[in-house]
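Chains as they are written, first to last, in the numbering used here: chain A, 1 to 216; chain B, 1001 to 1216; chain C, 2001 to 2235; chain D, 3001 to 3235.
Read the hints as simulated data drawn from the structure, not as lab findings. Check before you lean on any hint, since a few could be wrong.
[To be verified] If you want the footprint, here are the derived chain A segments under chain D, 3+ residues with CB under 8 Å:
hint, segment
1, 38 to 49
2, 103 to 111
3, 153 to 159
4, 163 to 175
5, 178 to 185
[Claimed, not checked] Calculated lysine-lysine pairs in the DSS-like style (CA-CA distance at most 25 Å, straight line):
hint, chain 1, residue 1, chain 2, residue 2
6, D, K3003, A, K129
7, D, K3132, B, K1142
8, B, K1142, C, K2135
9, D, K3064, A, K142
10, C, K2072, B, K1129
11, D, K3135, B, K1142
12, A, K129, D, K3135
Ideal placement from N, C-alpha and C gives every residue a C-beta, glycine not left out.
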Amino acid sequence: MTDAPKGWDRNQMAARAAQELQDGFYVNLGIGIPTLVANHIPDGVEVTLQSENGMLGIGPFPYDDQVDADLINAGKQTISELPQSAYFGSDQSFAMIRGGHIDLSVLGAMEISENGDIANWMIPGKMIKGMGGAMDLVAGVKKIIVVMDHTSKSGEPKFIPECTLPLTGANSVDMIITNLCVFQRIDHDSPFQLIERAPDVSEADIAACTPANYTT
Amino acid sequence: MTDAPKGWDRNQMAARAAQELQDGFYVNLGIGIPTLVANHIPDGVEVTLQSENGMLGIGPFPYDDQVDADLINAGKQTISELPQSAYFGSDQSFAMIRGGHIDLSVLGAMEISENGDIANWMIPGKMIKGMGGAMDLVAGVKKIIVVMDHTSKSGEPKFIPECTLPLTGANSVDMIITNLCVFQRIDHDSPFQLIERAPDVSEADIAACTPANYTT
Amino acid sequence: MKKTFTDAVAALDGVLHDGMTICCGGFGLSGMPERLIDAIEASGVKDLTIASNNAGIDGVGLGKLLRSRQVKKMISSYVGENKEFERQYLSGELEVEFCPQGTLAERCRAGGAGIPGFYTKTGVGTQVADGKETKNFDGEDYILERAIFADLSIIKGWKADEAGNLIFRKTARNFNEPMATSSYMTVAEVEEIVPVGSIDPDQIHIPSIYVKRLICGAPYEKHIEFRMTRERESA
Amino acid sequence: MKKTFTDAVAALDGVLHDGMTICCGGFGLSGMPERLIDAIEASGVKDLTIASNNAGIDGVGLGKLLRSRQVKKMISSYVGENKEFERQYLSGELEVEFCPQGTLAERCRAGGAGIPGFYTKTGVGTQVADGKETKNFDGEDYILERAIFADLSIIKGWKADEAGNLIFRKTARNFNEPMATSSYMTVAEVEEIVPVGSIDPDQIHIPSIYVKRLICGAPYEKHIEFRMTRERESA
């Protein structure tokens, strides 16, 4: 592999994803970098965060004396509620997700294929922990943004012609934000297009570590 | 037709149906004679009445100064609530019914066939008003009791080999209470058996106006 | 994003078009969204397909849209108490799809939940099964019913906060609950709009995500179809 | 008919048998029915199939029934944080059916609602679709998922009245809501049993019809998996 430039850091990637938020959106954020998106919501944009264990309107982590075991997010972390919060059961929560009522989800991924397949739930040979709500989210939410490093820790590309890992969803992803650049496509029949590069990252840098076909 | 004996009146038929109620039962009562069953609940038996428009625990008609347009039964009549009442939406209401959580329903009928088919929603050539919740009830409730006159106003038998009217449900009925007698069957593969006669009604009286096959 | 509108006409601005499908809450006249129905009548939009448990009564509720001939098709479980409905239906001017009440509720709930079809025992062996796929599960036959997902849902609630979290009152909840989910444009009328934070988050019947536009329709003079009372026991 | 029992062992008397299927509420350790799980452990009943979103953690919640080897099969969406689970699973002692979280919730809701199967887009094109029927609706593929209906459901609520009407608190509701409906023998543990009439009939999450037996399990020391806090801004 070439010695790829670093590009954006985690917070910058999250901030880039946050630019996709629109006023009034209902949004589900995955664990890891996607969680950081909540710290970068643009001024004047009101967004309601959904937690798939049964809540709309996730507040910040609680103060120490407000921790409540009955109030957690989908990552099982303690959280707080907001004046506009609402609680509901898991069946209702996924009715919302599956029914396309959530505008946007930001997720991590291990691999994305050039036709928008996503793999982020299991590695054959390793202990399987389960897909949780990830398959429901990628199948149901209106717009799926993946935020991930452009290459794996061992330097392997993650945006590839075809996923090698078992899929979480087929033809699901609308936008990919990596530390190097942003790809998006206008619909699920179109190829991904490179629309943005991190500072000091060239088209050639990206091409060198991106086996997937994409337009520029 | 023979001049059939009158047998039980409406209240006696309702009282007979009420003998099938068991303590703790959740029950849905149809319009007409079935509604009267609520007046004959045996002592020591607690029954919760369901209204398919979204209520458990139907109370009596309200006092004049308690009438509430937001509190009606499935017949669109004003009712009252009880301390143990609960409200829910129509989807939840029929989830209960379809899911077999209601123990018993008492309904009227135009025709019952000897294999337990029931017809009570339309007469070809007449204005169709719709089946309402009747098809859901006969398909979903654990035990279906039909309360009806043994013959129609014009003297035609109503418990017959095969229904002539469009069905509300196939092989659904567990017990038939008429003004003359009671038929029941132990399961949906068995024939109906004549188990009880109104005073002064003979087996021959019943046979004379019952073309359906049944055991005695 | 502001969800509250001054009146029903404003709340429906830009979302009505000829030939559209509308899910409408209510059971009989209880819990029907009457301000929104009035605004649909005033708009003159036509060739509507309306999924609603009932069709109102003459000149009241959806009866108004029948009177004005704006309805092409009704999907309902029961349509009694309506002479104009009867006339249009018998003359063939109005198409009617009769649907068992529980199946109708579930079809709308399924549409809102991203489920295009489900199996049910209701209607097996009856006219309702005609033309529908049948499947056997564990020895019993079931029919496949299709989801309903509309261009617009109109519902009536009791209270809502400014974010769109909504609660119902008593049996006026009925079909308003599933209908609230069965479109991406649900417009709600309520008796009172309260500030955000006024409704306990554990007690919200319809979370704000489903309510796109909201009006206060008060004051209401609620209709009663069959007023029944009992005498007070004398002392 | 009295629904309240003195303790979990009494409430489960007569309903446990080897090889049975149990639906269990909770999300992680939040809202898990721990008193009832303890009573199942004490009973020694075995070869259980348990549908539950998670499998507890080592020695806590369902982790206890794994430790005691009473579980034959888990139907779950996510099973991290559990070494004993991992050991039994990798050695083949424990069978696991992974089910997407929303599909699991809907399968239990469907079972309770008399719907034997439904179609969903979730899992199309993945391992989850293997061996399942596919059907095309309006140009899109969906897979057929089967309902889950158990011999027993165990749930944890916040409060219930003596008739069995039950309410939850915050995100402890989760899978307890669909699981409450997915059997004809739902046993609930709550933090407080209140007299009939104490809960507003408009605010009941699980109507009494679903709750067959009821205990108060208080006092609870609730478990937190990941305690996260923020600093108060200095004045």
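Cβ contact check, 8 Å cutoff: the segment 38 to 49 of chain A against chain D, three residues minimum
violated (count 0)
Measure nothing beyond the straight line between the CA atoms of D/K3003 and A/K129; if it is 25 Å or shorter, mark the hint as holding.
violated (38 Å)
Does A/K142 lie within 25 Å of D/K3064 when you go C-alpha to C-alpha?
violated (40 Å)
Three residues minimum, CB to CB under 8 Å: does the segment 178 to 185 of chain A make the cut for coverage by chain D? Let me know.
As far as the segment 178 to 185 of chain A goes, the hint is violated, because 0 residues have Cβ atoms under 8 Å from chain D.
Holds or violated: C/K2072 to B/K1129, with C-alpha atoms at most 25 Å apart:
holds (18 Å)
Do at least three Cβ atoms from the segment 153 to 159 of chain A come closer than 8 Å to Cβ atoms of chain D?
Since 0 is below three, the answer is violated.
Examine the segment 103 to 111 of chain A: at least three residues should have C-beta closer than 8 Å to a C-beta of chain D.
Contact hint for the segment 103 to 111 of chain A vs chain D: violated, 0 residues under 8 Å.
Does the structure keep D/K3132 and B/K1142 at a Cα separation of 25 Å or less?
Between D/K3132 and B/K1142 the Cα gap is close to 30 Å, so the pair fails against 25 Å, i.e. violated.
Taking 8 Å as the C-beta cutoff, is the stated coverage of the segment 163 to 175 of chain A by chain D satisfied by three or more residues?
holds (count 6)
Hinted pair, alpha-carbon criterion (25 Å max): B/K1142, C/K2135. Please report holds or violated.
holds (22 Å)
Run the distance test for D/K3135 versus B/K1142: straight-line Cα separation, threshold 25 Å.
Between D/K3135 and B/K1142 the Cα gap is close to 31 Å, so the pair fails against 25 Å, i.e. violated.
Is the Cα-Cα distance between A/K129 and D/K3135 25 Å or less?
Violated - the C-alpha atoms of D/K3135 and A/K129 are around 29 Å apart, more than 25 Å.
When the structure is compared with the earlier hints, violations turn up for hints 1, 2, 3, 5, 6, 7, 9, 11, 12 and for no others.
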